[in-house]
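Novice: The whole structure should be built from the sequences, with the hints applied where relevant.
Reading the sequence shown from the start, the letters are residues 1 to 305 in my numbering.
Among the hints, a few may not be true.
[As the list claims (entries may be wrong)] Quick list of in silico lysine to any residue cross-link-like pairs, SDA-like style, CA-CA up to 25 Å:
id, residue 1, residue 2
1, LYS213, LEU224
2, LYS54, ASP31
3, LYS213, GLU158
4, LYS265, ALA117
5, LYS213, VAL104
6, LYS265, ALA112
7, LYS213, LYS265
8, LYS213, ASN92
9, LYS265, THR83
10, LYS213, THR132
11, LYS265, SER140
12, LYS213, ASN74
13, LYS265, VAL250
14, LYS265, LEU275
15, LYS213, GLY233
16, LYS213, ILE127
17, LYS265, GLU158
18, LYS213, PRO102
19, LYS265, ARG81
20, LYS213, PHE80
21, LYS213, ALA99
22, LYS265, GLU284
23, LYS265, SER113
Rather than coming from a laboratory, the hints here were simulated on the basis of the structure.
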Amino acid sequence: MLNAEPKKQNTTANLAEERCAEILVDAITQDQRFLSADVDEEKREVHLTYDADKMTARDATQFVRRVSENLHQNYERCTFRTTGMRCGECANALERQLATLPGVPLAAANAASQTVAVTYDPAFISIDSIETRVRELGVSPRPAEGNEDHGPAWWSQERLEPILVVVTLLALIAGVAGQWLAAPEFFVATMGVIAYVAGGYYGVLEGFDSLLKLEINVDLLMVLAAFGAALIGSWPEGATLLFLFSLSNVLQSYAMDRSRQAIRKLLDLRPATALVRRGDQDIEMPVEEIQVAPPVGHVVQIDIR
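Specialist: In structure tokens form, the structure reads like this:
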């Protein structure tokens, strides 16, 4: 009986991009000869632990390079700028849904920058199919090129939700004041209905969408709690819950928008061109045309404030 001793071997793989790291690790560990694999994206090295009785260091190196080259040839990447991702949980849910598509091994969504990066195999799925799926999940994609931002439309959630929060608060105050002042029940009931409709509108939409995906999210739980309070005659408490929850969503959207603007301002600091060393000459080139490997210089932007 052979006594297999794992032997650690460090080797440099030809990683096309950092995005290949997770896919590469999955592809390597599917081979039972490898016990573990870890990618150092900064050094572009693959650290391997393999069964020394089943393969040599040279075999391991060649296998990793072959897999990495295949990934570089087979997979492409598309990045969308989006609207509609309200929070980190929304981004995580979007990643999980996109990763279930055939030919999509990796998806990365960022709610702060409102971007979605999808690594896909063109042989199995097209960009149009990915974009259609993103729209079905409630996020509106648009090409990442260009920084035009004309602001959300007047009917968008970004503009309507703050108004609904104010309506919820005013209706809640009017309804509670009406109870204290012995106002007609019709008036109190009307204020309660307005508070619930305004405060729970987007929560109901998000909750219904989660049910269609066979998931339970916090929006659904908040709406159920508020309606439960109404059923036992404590509608002011339910309306207060809806108001606070809606207000937290608005404040979160505001904070994310501030972060998004800060990121865009930092991106504006990028130089449009850079000097690239070609032999004994320094050639000025647009940064979009510079590939990985050539040494560059001339301008380095930093934030010194």
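Novice: Are the Cα atoms of LYS213 and LEU224 separated by 25 Å or less?
Specialist: holds (18 Å)
Novice: Given the hint that LYS213 pairs with ASN74, does the C-alpha gap stay at or below 25 Å?
Specialist: Outside the cut-off at roughly 31 Å; violated.
Novice: Do the alpha carbons of LYS265 and SER140 lie within 25 Å of each other, as the hint requires?
Specialist: holds (23 Å)
Novice: Given the hint that LYS213 pairs with GLU158, does the C-alpha gap stay at or below 25 Å?
Specialist: holds (24 Å)
Novice: Is LYS213 close enough to PRO102, meaning Cα to Cα at most 25 Å?
Specialist: Holds, because 18 Å separates the two Cα atoms, which is no more than 25 Å.
Novice: Hinted pair, alpha-carbon criterion (25 Å max): LYS213, PHE80. Please report holds or violated.
Specialist: holds (23 Å)
Novice: With the threshold set at 25 Å, check whether the alpha-carbon distance from LYS213 to ALA99 stays at or below it.
Specialist: holds (15 Å)
Novice: Hey, LYS265 versus ALA117, does the alpha-carbon distance stay inside 25 Å?
Specialist: holds (21 Å)
Novice: Between LYS54 and ASP31, is the straight-line Cα distance small enough, at 25 Å or below?
Specialist: OK: LYS54 and ASP31 at ~11 Å, within 25 Å.
Novice: CA of LYS265 to CA of ALA112, is that 25 Å or under?
Specialist: Roughly 14 Å separates the two Cα atoms, so the pair holds.
Novice: Does GLY233 lie within 25 Å of LYS213 when you go C-alpha to C-alpha?
Specialist: violated (32 Å)
Novice: Against the 25 Å threshold, does the CA-CA distance of LYS265 and GLU158 hold or violate the hint?
Specialist: holds (21 Å)
In the structure shown, a violation is registered for the earlier hints numbered 7, 12 and 15, in ascending order.
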